[in-house]
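There are 2 protein chains.
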Amino acid sequence: MQVFEYPERSQWPELLQRPVLDTTALETSVGNILAAVKQDGDTAVRRYAQQFDKVQLEALEVTPAEFAKATASLDAALKKAILQAKHNIEVFHKAQQEHTKVIETMPGVQCWRKPVAIEKVGLYIPGGSAPLFSTILMLGIPAMIAGCKEIVLCTPSNAAGEVHPAVLFAAQEVGVERVFKIGGVQAIGAMAYGTESVPRVHKIFGPGNQYVTCAKQLVNKSGVAIDMPAGPSEVAVLADETCVPAFVAADLLSQAEHGPDSQVLLVTTAPEIIAEVQQEVAAQLAQLPRQDIAARALENSRILLVKDTAEAMELLNAYAPEHLIVACKDDIAVADAVVNAGSVFLGNYSPESAGDYASGTNHTLPTNGYATAYSGVSLDSFVKKITFQRLTQEGLQQIGATIETMAAAEGLDAHKNAVTVRLKQKAQS
Amino acid sequence: MQVFEYPERSQWPELLQRPVLDTTALETSVGNILAAVKQDGDTAVRRYAQQFDKVQLEALEVTPAEFAKATASLDAALKKAILQAKHNIEVFHKAQQEHTKVIETMPGVQCWRKPVAIEKVGLYIPGGSAPLFSTILMLGIPAMIAGCKEIVLCTPSNAAGEVHPAVLFAAQEVGVERVFKIGGVQAIGAMAYGTESVPRVHKIFGPGNQYVTCAKQLVNKSGVAIDMPAGPSEVAVLADETCVPAFVAADLLSQAEHGPDSQVLLVTTAPEIIAEVQQEVAAQLAQLPRQDIAARALENSRILLVKDTAEAMELLNAYAPEHLIVACKDDIAVADAVVNAGSVFLGNYSPESAGDYASGTNHTLPTNGYATAYSGVSLDSFVKKITFQRLTQEGLQQIGATIETMAAAEGLDAHKNAVTVRLKQKAQS
Numbered sequence: 001m002q003v004f005e006y007p008e009r010s011q012w013p014e015l016l017q018r019p020v021l022d023t024t025a026l027e028t029s030v031g032n033i034l035a036a037v038k039q040d041g042d043t044a045v046r047r048y049a050q051q052f053d054k055v056q057l058e059a060l061e062v063t064p065a066e067f068a069k070a071t072a073s074l075d076a077a078l079k080k081a082i083l084q085a086k087h088n089i090e091v092f093h094k095a096q097q098e099h100t101k102v103i104e105t106m107p108g109v110q111c112w113r114k115p116v117a118i119e120k121v122g123l124y125i126p127g128g129s130a131p132l133f134s135t136i137l138m139l140g141i142p143a144m145i146a147g148c149k150e151i152v153l154c155t156p157s158n159a160a161g162e163v164h165p166a167v168l169f170a171a172q173e174v175g176v177e178r179v180f181k182i183g184g185v186q187a188i189g190a191m192a193y194g195t196e197s198v199p200r201v202h203k204i205f206g207p208g209n210q211y212v213t214c215a216k217q218l219v220n221k222s223g224v225a226i227d228m229p230a231g232p233s234e235v236a237v238l239a240d241e242t243c244v245p246a247f248v249a250a251d252l253l254s255q256a257e258h259g260p261d262s263q264v265l266l267v268t269t270a271p272e273i274i275a276e277v278q279q280e281v282a283a284q285l286a287q288l289p290r291q292d293i294a295a296r297a298l299e300n301s302r303i304l305l306v307k308d309t310a311e312a313m314e315l316l317n318a319y320a321p322e323h324l325i326v327a328c329k330d331d332i333a334v335a336d337a338v339v340n341a342g343s344v345f346l347g348n349y350s351p352e353s354a355g356d357y358a359s360g361t362n363h364t365l366p367t368n369g370y371a372t373a374y375s376g377v378s379l380d381s382f383v384k385k386i387t388f389q390r391l392t393q394e395g396l397q398q399i400g401a402t403i404e405t406m407a408a409a410e411g412l413d414a415h416k417n418a419v420t421v422r423l424k425q426k427a428q429s
Numbered sequence: 430m431q432v433f434e435y436p437e438r439s440q441w442p443e444l445l446q447r448p449v450l451d452t453t454a455l456e457t458s459v460g461n462i463l464a465a466v467k468q469d470g471d472t473a474v475r476r477y478a479q480q481f482d483k484v485q486l487e488a489l490e491v492t493p494a495e496f497a498k499a500t501a502s503l504d505a506a507l508k509k510a511i512l513q514a515k516h517n518i519e520v521f522h523k524a525q526q527e528h529t530k531v532i533e534t535m536p537g538v539q540c541w542r543k544p545v546a547i548e549k550v551g552l553y554i555p556g557g558s559a560p561l562f563s564t565i566l567m568l569g570i571p572a573m574i575a576g577c578k579e580i581v582l583c584t585p586s587n588a589a590g591e592v593h594p595a596v597l598f599a600a601q602e603v604g605v606e607r608v609f610k611i612g613g614v615q616a617i618g619a620m621a622y623g624t625e626s627v628p629r630v631h632k633i634f635g636p637g638n639q640y641v642t643c644a645k646q647l648v649n650k651s652g653v654a655i656d657m658p659a660g661p662s663e664v665a666v667l668a669d670e671t672c673v674p675a676f677v678a679a680d681l682l683s684q685a686e687h688g689p690d691s692q693v694l695l696v697t698t699a700p701e702i703i704a705e706v707q708q709e710v711a712a713q714l715a716q717l718p719r720q721d722i723a724a725r726a727l728e729n730s731r732i733l734l735v736k737d738t739a740e741a742m743e744l745l746n747a748y749a750p751e752h753l754i755v756a757c758k759d760d761i762a763v764a765d766a767v768v769n770a771g772s773v774f775l776g777n778y779s780p781e782s783a784g785d786y787a788s789g790t791n792h793t794l795p796t797n798g799y800a801t802a803y804s805g806v807s808l809d810s811f812v813k814k815i816t817f818q819r820l821t822q823e824g825l826q827q828i829g830a831t832i833e834t835m836a837a838a839e840g841l842d843a844h845k846n847a848v849t850v851r852l853k854q855k856a857q858s
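Line by line, the protein sequences give chains A and B.
So the first sequence is residues 1 to 429, counted in our numbering.
So the second sequence is residues 430 to 858, counted in our numbering.
Treat the hints as calculated values from the structure; they're not laboratory data.
Since this is a predicted model, take the numbers as computed values, not measurements.
Among the clues, some could well be false.
Between beta-carbon pairs, the in silico distance windows are [to be verified]:
1. A:Glu177 / B:Ala699: 38 to 44 Å
2. A:Lys94 / B:Ala837: 24 to 30 Å
3. A:Tyr6 / B:Gln854: 29 to 35 Å
4. A:Ala95 / B:Asp765: 23 to 29 Å
5. B:Ala494 / A:Ala310: 34 to 40 Å
6. A:Ala159 / B:Arg725: 55 to 61 Å
7. B:Ala704 / A:Ser197: 43 to 49 Å
8. B:Ala505 / A:Glu394: 22 to 28 Å
9. B:Thr457 / A:Gln97: 42 to 48 Å
10. B:Gln854 / A:Gln97: 34 to 40 Å
Far from chain A, some chain B residues (derived; all Cβ distances over 10 Å) [what the hints assert, rightly or not]:
11. Gln431
12. Pro436
13. Leu455
14. Ala465
15. Glu487
16. Phe496
17. Gly556
18. Glu579
19. Glu602
20. Tyr622
21. Pro689
Below, in silico cross-link-like pairs of lysine-lysine (DSSO-like), each with a Cα-Cα straight-line distance of 30 Å or less [said to hold, decoys possible]:
22. A:Lys329 / B:Lys578
23. A:Lys329 / B:Lys530
24. A:Lys101 / B:Lys509
25. A:Lys385 / B:Lys549
26. B:Lys515 / A:Lys424
27. B:Lys814 / A:Lys221
Glycine included, every Cβ here is placed at the ideal spot set by N, Cα and C.
Given only the sequences and the hints, what does the whole structure look like? Please build it.
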């Protein structure tokens, strides 16, 4: 990790720069796959599974027997861990439920807002080296709490046509019954347009590689909602002299192992910890199975020494990290200064892993600086908040002149007249 | 308006079809303007103002003297109306404030979520035939309640370089201090990238024509958040025998006058009201200044007769209207069946105009079927909800094994190790 001591403010933009994400070059090929899925449905899905994943798919949907087999085969300790995480995620997301309050803005003018579940949602879970069952909890649990009626999950199978048992167990425990063995761009297309097997959904959630990201952007343009724009995962650690260098190093490495493009940043006010953290990083890195990936991510990673916590927070708010770990004295007070971040981890005993898996918060978070304007996934992501209003005849009399005056000034006479005809007419409840 | 009696369910998709919106053809020209604004800043903004709006702009920003002049010149009745509307919108949106609750998901594992204002937001207010000062209330008020630090407003001036006094008065009353006389694609570019005069923002709100819509889509793709995708405005009225045909007709016309592409739909269970509504539409239309526009919108509009309220609501949920007016007996009970709509108006005395201007609800709503997955603008649109967590050493001991087991099963050993190093180490802090 490169160290920069007391950088000038003018250097910040360069030091905080992220890799440029541009999927424009992929748009043609991804668009062709989407168009084929839209037109040929399951046939196209099977063709691309063969072409890209070298798998000959029979039934696309996971059967009850496959779910049962997964449950029977999965390690008991892992089941218990998944159920513990599920409990915590449920508790935290249930507390996000909003209760409808009727607001009388004027006598006889009642307005309220009601959260209503998005009826049909699609969850994408990537395949690849690891089964990301934790993401099923993070997306499926709020979808169930919201009351989404149709929850569809797509995830690629292995070459033998099997889905990892932890994925199926997590889906089953969350209550996601419809799991399809489809990956990549064709999965996004299947959920966006529907096929003979896969129901069309209104909103698509979940991580993916650059092809999946591009596919989500393209279907979003054509009217299907998506969770948020995506980019490589990232962590920033703010540490002072009260941090434990071994913990800081472990947190930096846990981000670095995600991929060679992961962003890792350490901001510190304490020059004396820098060498210690670097020694710990080297020592812990040597023990990691994914050390090649982590080492590549660390090559682009930075340690920034700044003069005080206030300057550190200014710099971190400019960066807008997905994850922010605050290993400082008075961490609760420092938290008050956070303006731009996805999720914040306070104190020496709150590793990012806690939120990634089991503490209860969501791990689907805005990357790439999107934390300036976007929130992570929450219960809100699975509902629409519909407003309602009911005016009594007296209420309309109270507010009528205001509406008529404003509508006339905007040159919208029919808007005005919708009030005028009502004010003129005798009561007819 | 064409009448369809008891259409088969198989006909619904055709009857509920909207005009296809495709701004792909505009992308090159809009993209070129955005690129020029990004590169040349104010110079490009002035050049396009000259080219498209035939206006020679001196200072881009509205001065305190111009605000004062607007306030002095504006009609007192309109000022009073704007202040009444502002009060109601404030009351309704303040009630959306979320208070932070700390949730202890397990002993020693505390998680919470805190709404934090988006620091910099941009509001776009179109020019054209009418000054849309009501939209300033709808966007500016929640931005101020959220606590956005920098609120920038762009709106085109007239050929003399003046902005309508109602627009300036509304901006001033809401607390929006920075108003720029910039319209169209160049305004979206200026707010997305920043220029010498206009600050760069993180999220852009507001309506616009197809060029503005396309510009918002393009800057969204490059990382600037936008309020929601846009389409022509629309209303659906559900009416039974208890409706007042003159009121229904007025509501249909108030939507039709927006533009020739406005979508107007009447769904009814009462065959006897159809002729009456049509007569009222004809009579009221004849009195409207914008009757040409409204008449063109009505040509594409439909009256659907269905067998009962349950079928009506099924059809309306499939349509997902921006505005839904329920002029039925038991309208509160019918409201419970609403799944997809932007905003709902209940009873005979709740015209859409009430919500467009003054009742308190927001009028920036999802069109084009987006109500299946999107909400209208609310206080939520101006904040990010950031999650925080703080684990005690004991809390991490409680949850540690769960995290370790899950991380190991996902093949992420550094994630596991971030817990392990902490469980091993003696308490520090």
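- Query: Are there hints from earlier that the structure breaks, and if so, what are their numbers?
  - Reply: none
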